[in-house]
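Visitor: Chains as they are written, first to last, in this note's numbering: chain A, 164 to 354; chain B, 34 to 151; chain C, 7 to 353.
No lab work stands behind these hints: they were computed from the structure.
Small disclaimer: the values here were computed from a predicted structure and weren't measured.
Where hints are given, some of them may not hold.
[What the hints assert, rightly or not] Pairs of lysine to any residue residues, derived as SDA-like cross-links and limited to a Cα-Cα distance of at most 25 Å, are as follows:
#1 C/K70 / B/L71
#2 A/K310 / B/E106
#3 C/K330 / A/A338
#4 B/K70 / B/F60
#5 A/K347 / B/K144
#6 C/K352 / A/P306
#7 B/K144 / A/V337
#8 C/K352 / A/W318
#9 A/K310 / B/V108
#10 A/K347 / B/S149
#11 C/K70 / C/F256
#12 B/K64 / C/F252
#13 B/K64 / B/Y74
#14 C/K74 / B/G77
#15 A/K310 / A/G285
#16 C/K330 / C/V218
#17 A/K304 / A/R293
#18 C/K352 / B/I130
#19 C/K70 / C/G60
#20 C/K352 / A/V298
#21 C/K74 / B/R65
#22 C/K70 / B/C76
#23 A/K310 / C/K352
#24 B/K64 / B/V51
#25 C/K70 / B/F46
#26 B/K144 / C/K330
#27 B/K144 / A/L336
#28 C/K84 / B/L52
#29 C/K70 / B/G56
#30 C/K70 / C/S248
#31 C/K70 / B/S72
#32 C/K330 / A/V229
#33 C/K74 / C/G60
#34 C/K84 / A/I183
#35 B/K144 / A/T349
#36 C/K84 / B/V81
#37 A/K310 / A/S295
#38 C/K74 / C/L29
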Amino acid sequence: MTAAALAFWVLAVLAVAGAIGVVTMRQPVHSALCLLASFMAVAGLFVWGRAEFLAAVQILVYAGGVMVLFLFTIMLVNVRRQAREAALNRLTGSAVLVGVLLFALVGGLLVAEARRMGGPEGAPAASAARLSTTVVEAAGKAPVEVKGNSQAVAWSLYRDYLLPFEIASVFLLVAMIGAVVLGKRTMEKFD
Amino acid sequence: MVQYLALAFVAAFTAALVLAVLGIFAFLRPKRPNPTKLSPYECGVAAVTDAHDHRFSVRYYLLAVLFVVFDVETVFLFPWAVMYHHLALFGLIEMVIFLVILLVGYVYVWKRGALSWA
Amino acid sequence: MSPAVFDAVAMGVKIAVVWGAVLALGVPVLTWAERRVAGLIQDRPGPNRVGPMGFFQPLADAVKFFMKEDVVPQYADKVLHFAAPLIVFIPALSTFSVLPFGRSIPVTVGGTTREVPLVIADVNVGALVLFALTSLGVYGIVLAGWSSNSKYSLLGGLRSSAQIISYELAMGFAAVGVFLSAGSLRLQTIVEAQHAGIWNVVPQFVGCVIFVVAAFAETNRLPFDLAEADSELVGGFHTEYSSFRFGMFFMAEYANMVAASALIVTLYLGGWSLPGLALTGLVGGLLSVAIFAAKTAFLLFVFLWVRWTLPRFRYDQLMALGWKVFVPLSLLHLFYVAALVAVRAKA
Numbered sequence: 164m165t166a167a168a169l170a171f172w173v174l175a176v177l178a179v180a181g182a183i184g185v186v187t188m189r190q191p192v193h194s195a196l197c198l199l200a201s202f203m204a205v206a207g208l209f210v211w212g213r214a215e216f217l218a219a220v221q222i223l224v225y226a227g228g229v230m231v232l233f234l235f236t237i238m239l240v241n242v243r244r245q246a247r248e249a250a251l252n253r254l255t256g257s258a259v260l261v262g263v264l265l266f267a268l269v270g271g272l273l274v275a276e277a278r279r280m281g282g283p284e285g286a287p288a289a290s291a292a293r294l295s296t297t298v299v300e301a302a303g304k305a306p307v308e309v310k311g312n313s314q315a316v317a318w319s320l321y322r323d324y325l326l327p328f329e330i331a332s333v334f335l336l337v338a339m340i341g342a343v344v345l346g347k348r349t350m351e352k353f354d
Numbered sequence: 034m035v036q037y038l039a040l041a042f043v044a045a046f047t048a049a050l051v052l053a054v055l056g057i058f059a060f061l062r063p064k065r066p067n068p069t070k071l072s073p074y075e076c077g078v079a080a081v082t083d084a085h086d087h088r089f090s091v092r093y094y095l096l097a098v099l100f101v102v103f104d105v106e107t108v109f110l111f112p113w114a115v116m117y118h119h120l121a122l123f124g125l126i127e128m129v130i131f132l133v134i135l136l137v138g139y140v141y142v143w144k145r146g147a148l149s150w151a
Numbered sequence: 007m008s009p010a011v012f013d014a015v016a017m018g019v020k021i022a023v024v025w026g027a028v029l030a031l032g033v034p035v036l037t038w039a040e041r042r043v044a045g046l047i048q049d050r051p052g053p054n055r056v057g058p059m060g061f062f063q064p065l066a067d068a069v070k071f072f073m074k075e076d077v078v079p080q081y082a083d084k085v086l087h088f089a090a091p092l093i094v095f096i097p098a099l100s101t102f103s104v105l106p107f108g109r110s111i112p113v114t115v116g117g118t119t120r121e122v123p124l125v126i127a128d129v130n131v132g133a134l135v136l137f138a139l140t141s142l143g144v145y146g147i148v149l150a151g152w153s154s155n156s157k158y159s160l161l162g163g164l165r166s167s168a169q170i171i172s173y174e175l176a177m178g179f180a181a182v183g184v185f186l187s188a189g190s191l192r193l194q195t196i197v198e199a200q201h202a203g204i205w206n207v208v209p210q211f212v213g214c215v216i217f218v219v220a221a222f223a224e225t226n227r228l229p230f231d232l233a234e235a236d237s238e239l240v241g242g243f244h245t246e247y248s249s250f251r252f253g254m255f256f257m258a259e260y261a262n263m264v265a266a267s268a269l270i271v272t273l274y275l276g277g278w279s280l281p282g283l284a285l286t287g288l289v290g291g292l293l294s295v296a297i298f299a300a301k302t303a304f305l306l307f308v309f310l311w312v313r314w315t316l317p318r319f320r321y322d323q324l325m326a327l328g329w330k331v332f333v334p335l336s337l338l339h340l341f342y343v344a345a346l347v348a349v350r351a352k353a
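Isolated chain A (complex conformation):
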C-alpha cells in the first residue's frame, strides 16, 4: 500500500468512526465532539483529493459555524443525559431507505464522473488538473492559465453554475427569516 492510500484509509476510517460516534453517544455534547472529529477527517480527505479550498471551507463553516449552532441548540433545549431513549425507533426503516438511496445516488454519480474522466488510470490526474488550473477565456484576448484551487472553484461557480449560486442566496434568505420568525415567537412568549 502506498503512503497516499494509507493516508486515505486512515482519514476515511476516522471520518466513519466519528460519524458512528455521533449516533451512538448518549450525551448530545459528546456526539457534537465526535461530529467535529468526523468533520476534521473529511477536511483531511478534501486536502487528500486536492480540493484545498473545500477543506478550509469545511472547517470554517461546519466546524466553526454549524457546530456552534448545534452546541447552542443542545444547551438551549437542555437535553439531559437522563433522557434514555431506545437507539432504534420507528424511523429506522425510513432512515435506512434514505441512506441507501443517497449512497446509490452519490456513488453512481462518482462512478459515472470517474469513468467520463478516463477510469482508474486517467481520472486521478485529470481531476487533480481540473482542481488546480483554470483556463480563462475572455473575448478578444488570448486564453490565460490561472493556478489555484479557489480560482478553479470560482471560475466554475461564477460562470457555469451561476443560477444555483443565486438560488443559494435565496436559501440563505429563507434560513434567516425562518430563524427570526421562530426565535421571535419564543422570545415574545418568555420575555
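Place chains B and C on chain A using the hints.
Guide: Same frame as chain A, now just chains B and C:
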C-alpha cells in the same frame, strides 16, 4: 500536499508536547481533593442548582443561525474575490444581486429587533 | 544532499524556529510586557522581584502552571473538560505555520544554492486555513464553559462564543477586500503584492480599522473582554480550570494575540516588506524577518496599550457594534475596494 503535512505535523507536535507535559507533571503535582474544593465556584455558597438546569435566551440560537448564514456568504465571497480580475463586470453584477437578496434578509432581521440585545 | 532531505531539514529548522519564537519567546515576553506596560500606564512598578525588572516572572509563572494541583470539579464532564483546552491551544499554535515570517533566504549546501521560503506551510489558501483554525477556538470555549458545570463558566463561554462569531463575520468581510486587491488567498502573494505596490492600509484604511477592532474582539481583549469580565463572571469560561489546563488557555490567549498581530501585519502593513528595500540575498532575507518581527511587536504593544486605556464595552453595545455597524460598513467597503480594483485595472 507536503505543505499540509507540515501543518498537520505542527498540530500533532503541539498536541504531543502538551499531553506529555500534562502526563509527566501529573506525578509531580499534589492531589489533595476535598468536597469543598471540588464543588463548582459559587462565591463561597453551596450550589443549589445544576448549572445545566438553567436555560438561556433564545437570542443565542438566533445569533448562531445568523452567523452560519453570513459565514456561508463570506465563503462565497472568498473565491469571487480571487477571480474578480477575470470575472470582471459580469462577476461584480452577480455578486451585487447575491448580496442584495441577502440585504433584504438583513434589513428584515434588523427591523424585527433580532440584532438588539438591550 | 538530495532535495528531499534538504527540504525536510529546512522544514524542521523552520518549525523549530517558529515554535520557539512563539512559545519560548513571544508568549512569555508578552505576559511580562503586559504587566510591565500596565505598571507604566498606571504609574506603579509592576512585577519587579524575579530577575531584573521582573523579567523572569514568566518562568516563575510556568513553574506554577506545572506544579499546582489540577482541580477538576466533581460534576464536570471529565472528557470534555479535558478536551476543551486542547481544542483551544492546538489550533492557536498551528496558525503560525501558514504565516510567512520573511521573504526567503538562500542556503548553500555542497555547492548548490537553494532559496528557502520563510513560511512553514506555504498553502495556496493560507488566509482561509488561518480563518478556519481560528474558528475552531470557539468550539473549545463553548465546551470549556459547558463541561465545567458551573454557572459562571457556562455564561462566560456562551457570551464569549457569541462575541467571537459576531466579529468573525466583520473580520471576514473586511479581509475580502485584501484578497480582492491581491487576487489571491495565499499570504505570501498578498505580501509580495504590497511589496511591489502599496501597503493595503493606505487604500483600505476603513477595512484595516474594522479588521483590527474585530481582532481585539476575537482575542477577547479589552475593551471586548466580556467573556471574563472579572467583576461579573469571575473568570468566564475558564473559572473552573487550574494548573496546566488553565495555563493552556492562558498561553493560547497570548499566542492568539501574536497570531492576530502577525496577521494584521501580513494583510495590511506589508508583512515583511519595507518600501524602498529590495530585501534580496541572505542579509535581505534575515532583515525581512526582523522587519516582520518589529511590526508584529509594535502591534502587540498597541494591544497592551489599548487594554490599559479603554474601559469595557457593555454587552448590547458590543453586539450592536458588530452587527449593526461593522457588517454593513465592511460590505460597503468591499464594493469600494471592488471599484478601486476595477479602476486600477483600466488604468
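Visitor: Holds or violated: C/K330 with C/V218, Cα cutoff 25 Å?
Guide: Holds, at about 17 Å.
Visitor: Below or equal to 25 Å on CA atoms is what counts here, so check B/K144 against C/K330.
Guide: 11 Å, holds
Visitor: Decide if the proposed pair is consistent with the structure: B/K144 and A/L336, CA atoms, cutoff 25 Å inclusive.
Guide: 15 Å, holds
Visitor: Keeping to a limit of 25 Å between CA atoms, is the pair of C/K70 and B/L71 held or broken?
Guide: 20 Å, holds
Visitor: For the pair we were handed, B/K144 and A/V337, check the Cα-Cα distance against 25 Å.
Guide: 16 Å, holds
Visitor: Straight-line Cα separation of C/K352 and A/V298 no greater than 25 Å?
Guide: 22 Å, holds
Visitor: With the threshold set at 25 Å, check whether the alpha-carbon distance from C/K84 to B/L52 stays at or below it.
Guide: Distance ~16 Å between C/K84 and B/L52 Cα, so the pair holds.
Visitor: For the pair supplied as a hint, C/K74 and B/G77, confirm whether the alpha-carbon distance does not exceed 25 Å.
Guide: The hint holds at about 21 Å.
Visitor: Given the proposed pairing of C/K330 with A/A338, does the C-alpha separation stay at or below 25 Å?
Guide: 19 Å, holds
Visitor: Just to be careful, I want the Cα atoms of C/K74 and C/G60 compared with a cutoff of 25 Å; is the pair within it?
Guide: Within the cut-off at roughly 21 Å; holds.
Visitor: Are the Cα positions of B/K70 and B/F60 separated by 25 Å at most?
Guide: 20 Å, holds
Visitor: Under the criterion that the straight-line Cα-Cα distance not exceed 25 Å, is the pair B/K64, B/Y74 satisfied?
Guide: Between B/K64 and B/Y74 the Cα gap is close to 19 Å, so the pair holds against 25 Å.
No hint from the list above goes unmet by this structure.
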